[in-house]
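Those sequence lines, one after another, are chains A and B.
Just so it is clear: in the first sequence, position 15 is 15 by UniProt numbering, and no numbers are missing.
Just so it is clear: in the second sequence, position 267 is 267 by UniProt numbering, and no numbers are missing.
Since the hints were derived computationally from the structure, they do not count as laboratory data.
It cannot be assumed that every hint is accurate.
[Stated by the list, open to error] Only part of the chain A face toward chain B is listed, based on derived beta-carbon distances under 7 Å:
#1 F106
#2 S110
#3 I113
#4 F123
#5 I182
#6 E360
#7 F362
#8 P363
We put the beta carbon where it would ideally sit given N, CA and C, even for glycine.
There are 2 protein chains.
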Amino acid sequence: MEVTRQNFKDCLSTVYSAIEEADFLAIDGEFSGISDGPNVSALTNGLDTPEERYTKLKKHSMDFLMFQFGLCTFRYDSAKSKYITKPFNFYVFPKPFSRTSPDIKFICQSSSIDFLASQGFDFNKVFGHGIPYLNQDEEAQLREQTEERRNQHANGLGTPSFISPSSSKVPAHVPDEQKDYINKVVEKVERLFNGNGKTLNLDPCTGFQRKLIYQTLSWKFPKGLHVETLETEKKERYIQISKVDEEERKRREQQKLEKEQEELNNAVGFSRVIHAISKSGKLVVGHNMLLDVMHTIHQFYCPLPEVKSDPFSIPVVLLDTKLMASTQPFKELINNTSLAELEKQAKETPFKPPQVETAEGFPSYDTAQEQLHEAGYDAYITGLCFVSMANHLGKTTNFSSTFGRVWALFPFHLLFLMRIIDIPYLNITGPDLQPKRDHVLYVTFPKEWKTSDLYQLFSAFGNIQVSWIDDTSAFVSLSQTDQVQIAMNTSRYAESYKIQTYADYIQGKQQEKEKLGQPAKTWGDDGWVKHHYPSSTASAGFGFSRKRSISPTQGEQGGDDGVSGDGWNHYSFPDSTGSKKIKYDGV
Amino acid sequence: MEVTRQNFKDCLSTVYSAIEEADFLAIDGEFSGISDGPNVSALTNGLDTPEERYTKLKKHSMDFLMFQFGLCTFRYDSAKSKYITKPFNFYVFPKPFSRTSPDIKFICQSSSIDFLASQGFDFNKVFGHGIPYLNQDEEAQLREQTEERRNQHANGLGTPSFISPSSSKVPAHVPDEQKDYINKVVEKVERLFNGNGKTLNLDPCTGFQRKLIYQTLSWKFPKGLHVETLETEKKERYIQISKVDEEERKRREQQKLEKEQEELNNAVGFSRVIHAISKSGKLVVGHNMLLDVMHTIHQFYCPLPEVKSDPFSIPVVLLDTKLMASTQPFKELINNTSLAELEKQAKETPFKPPQVETAEGFPSYDTAQEQLHEAGYDAYITGLCFVSMANHLGKTTNFSSTFGRVWALFPFHLLFLMRIIDIPYLNITGPDLQPKRDHVLYVTFPKEWKTSDLYQLFSAFGNIQVSWIDDTSAFVSLSQTDQVQIAMNTSRYAESYKIQTYADYIQGKQQEKEKLGQPAKTWGDDGWVKHHYPSSTASAGFGFSRKRSISPTQGEQGGDDGVSGDGWNHYSFPDSTGSKKIKYDGV
C-alpha cells in the first residue's frame, strides 16, 4: 500500500492494526545517499572496530534523507499455515509545516540519486507528497513555541500577525520612496473603517511593505481591526484587513491558535508510525539494516548516542537477515547474501518456498517481477527470506517453535557489518567483539606511497593484506603472527616509514582518548576486549542515559543483563585470520 | 525548448547558433536551496559590506545544486522592429559518468524543494534525465586519468578490467568459504578454453567474488582471455570471459579506451553551453542575478575567488534587471521589483509592451499563463523587462540606439544586493561602494538580549534601526550622526554592554585581518573607500589571477581600467541615511 501525505491520515489506523496483530515486522529504507566521507575505503576500513564504524556512519551518513520507508507486517495464520502480509510503502519528506518550523537541509549523493532514478524511483512523489515528520526534540520545541505564543496572546502581547496594543507604541518610520504607497493603503483602510464593508484584501506586496503596513495600521488604528497575512494560490503573500469588534478579534485569534495546534499534530506525521513500531516491542527484521536502524532513530526519534558505547536501549527486537545468511548453518548454503540473490536461493532446496498470502485490500507483490529498491518490496522479500531461514532452522512452519529455535541460535540486536574482515556484526545495545589482531601492523609512510609500495616493503612475508586508513597510514595484515616481530625488528632503523603493532596503536589511541577524558577499556584473556555496561533499564522507547561513559572501576562492578551478556558466545564467527580481501572497489 | 540528457546532443547546434546570432541573452537558474547558514538575518545583515556578503554566499550557498538553467536569446529584427526570442530550459544533473568520476554531493533545503514541488517542478526529469556537466578542473583531471590509463596500457601495466601480465604475479588468496565457488568458475573457464565456444557470461556476483575471479583467472590463464565486467539492465554486474588472440585482445582494449574518451567528452555536457555563452562575450541580463552568476561559475566553470577582492574577469557583460528597476529613472515608476510584478508593470504606461516573437520551432510562452519558477520562462520575462526598460530609456525600439543609452546610465557587472540598507549593488569585477556609516554603532551585549532591549537602551535617541550580527552583537543605526558621540559617552561606564563606532569596528576587523597577512584598505575623502585594482587583462573565459590581494602601495599605483573605474559615479544611489528597515522576516 502506497502511503503519501494525501492518504496518510486515512491509512493510519490500518497501519496501527497491522503492527498490532503482526508476529513480526520487516523494514527497509531508501536514502538520498550513503556516505559523504572522503572515499569508501577510508570510510569502511576493513579493520575498523564496530565503535569506529559506528562513529564514521554517524558522522558521514546521517545528513542524508531516508525518503522512503518500507514496512511489511507478517502475521502467522495457523489455520492456513501461512503468513498473512501487509506491505506499506511510505513516502517521507520534511515539509516545513510553517515558516517557523525547522527547515531541514539534507544531502543528496549523485550516484545514489542516479541509481534510484534508473530504478524508476518517483522523486516527484517524495518531494511533492511525502509525509512530514518530527523527531521528539522538534516536536517538544514546537509544542513549546505554540504554547508560548498562546500565553503571550492571553497576556495581550500580541504576535506579528495581529494588531495589539503593544506594537503601536511608536509610529513606523516610512522611507520616502514608500510614503506614497503606505498613504494609499491608509486611505483605503480609512474608507473601510468608515464604510459598510467588512473586509479589504490588499494586493500582494513585499515583506518590507507588509511590515510598514502592520506598523502603520497598528499606530493609526489601535482597535477594531484584524490584520492578517494570507497567501494566494501562487504563494504570493498579501494582507487582509477586517473590521472586527473586540470579541470577534479574540475569537479569530483563538481559531488561529487552534488551527496551529492541529497543524502541529499533523507535523508529527510519519513519526507516529515509528512510535507505534517502537511501542509494539516486536521482532523487526531488516537486511543489512545498520544504516536503516541508525537513520530511523536519528530522523524520527532522537539524536543518536555520541559514541556507540553510550548505553542505549532499543525497544524492539532487531534481527539482520544478511548477518543470519552469512552465519552457520546458512553460510554453507548461501554464497551470495545480497537481498535479491538471497530471496532467490531461500526458496530453492534445501529451503522451502515460504507460504505467504497478501492480506485483502493490499496490492500483492510478485517476486518474479522484481521491484527491488522500492522500500515496501524490499521489506516484503526481507520478511520472506527470514521466514525461509527460520522454517529451515525449526523444520516446521509453526511460528512459535520456529522462532524459539531462531532465538536459541541468533542473539538479537546484532547488525551486519559491511567490509570488516574479522568482526561480523555490531551489537547496537551492548559490547562488541574486539579481536586482538596480533598479526596486524599499523604502518605510516609518505603520502606518495601506493599499495604496491607496501607490497614491496613486505615482500619477504608472502601474502599480506592492506587496509588503507588515510593517505599516510594503513593496516597491514601478515599471514603469520610470528612474522610480526621480524617485521618490527627490520623496521627499527627505517626513516621513511614507521611500524607499530596493532596493540600498541590501539593503546596509543586509547591514551589520546584518556587525555580527552574518556575511560580506558580492559583487555580480557580470551582475545576479546571485555567491557561491561551497567544494566540498562527497560524503556518504552529508544533512549540513552545522559552518562556518556563509564570508568573502568564502575564498569567492572556493573552486571551483565540479558542483552549485553555473553550471548555472542553462541555465535559462530567467520574465521578471524583476516584472510578476506576487502579492497575490491573498482572490479 | 526543453533540453534533457536525451535530446542534448541533438539540440546543441541550435543552442550554439541562437547564442551566436543573439543581441543579448537572458538567464535564470533554479536551485535545490538558497542558504545553509544559521538564519537569514545573520546571513544577510543589512550592513554587510559587499565583500562580506560575497563571502557569506560563497560559504553558505554553493553546496546547493543549480538543477535548471534557463536561457532565452533575443535577436533584434530591424525589418520587423521586433525581438525574435529562443527560450531554452535545460535540466541539469551531475550524473557520475563512470565509477571513477566525481560523485557530487549537494544539499537540498526542504523549503526550497517544497516550494518548487508546489509549482509543479519535475524532479524526475532533473534526476532521471538531467544533462551532466564538469567544471574545468574536473574535465582536466578526467582527461588526465584517461590519458594515464592509456599510457599504462601501452606499457602493458594493465587496468583492473583486463588480464595483463603484471596482475598475475601471485595467486589469489581465496578464503575457504569462496573456494567452491571459485573452483566452479575455473572449471567453466577451462571448458571454454578447451571447447569451441568463444564467450562465457557468468552469473552476477559480488564485487569481492569478481576480484577473486580476476585474480584467479589472471594467474591460471595469463594469455588468451579477455575478461570484462558488464552490467545487466538491472545494473547487476557480471563477468564476461572471451577467448581471444593477442591482436583481438589489444583491439578490444583500444576500443574500450576510445569509448571512454567519447564518454568523457559527453560528460562535459552542459558546461559546453556555458563555454559558448562565455565565448560570445555578449550582454547577459538576469533578475537579482548574483546567486545565478556565482552558481554558474562555480558549478560549470571554476572555483570562485576566495575573497571578492581577488581580481577576477567576467567574459560577458552582466546587467541585473532588479538593480535597473530599483534605480533612477525606474525607481519612481516601479514600486515592486519582484520579477512577476516587474513584468506586469513594464508593459503598462509609461512603458510600452515589448514587441517580441518566438522563433519558429520554439514553443512560445504566454505571459498571461504565468509559468514562474521555470527557469526558461523566468529568463524569457527577464528579457522582456529589460527590453521594456531599455526602450523607455532610448525612446525607440532600435537595438543599437537603445543600448547605447543603457550603457551611458548603467555600468555593467553591478549585481543587485538583497537586503542591504545603503549599498545597492555588488561590483563583481571591481571595487565596491563602502559608505562611512558614521551614524552606525557596533554594540555587543549578553546573549539574552532581544531587539526590545536595544530599543530600550537607545530610547533617548528616537528612531533607531537594529541589524543583528549574531546572538551577542548587532549594528544600531541612529537617525542623526551627532547622536553617536552622546551614545559613546553614556556607554563609557556600562558593564553589560559595549559600544564602538562603525569606523572603530571596521578598523579592529582590519587589524585582525592584517595579523593574518591580509592588506589594509585606504579610506578616501569622499566618504567611500577607494581601492584600486591592477588592470585585469582581457581574457577569453572567467578567471582570476593567482595573486590573492594587493598591498596598499601597489594599489595606489595601479591604474583603473574601463571596468573598475569610476563608472559608479554616473549612478544614482538610494539615500544612505540607513532609514530602510530590513528586519521584516515573519511579516
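Violated constraints from the hint list, given by number and in increasing order:
5, 6, 7, 8
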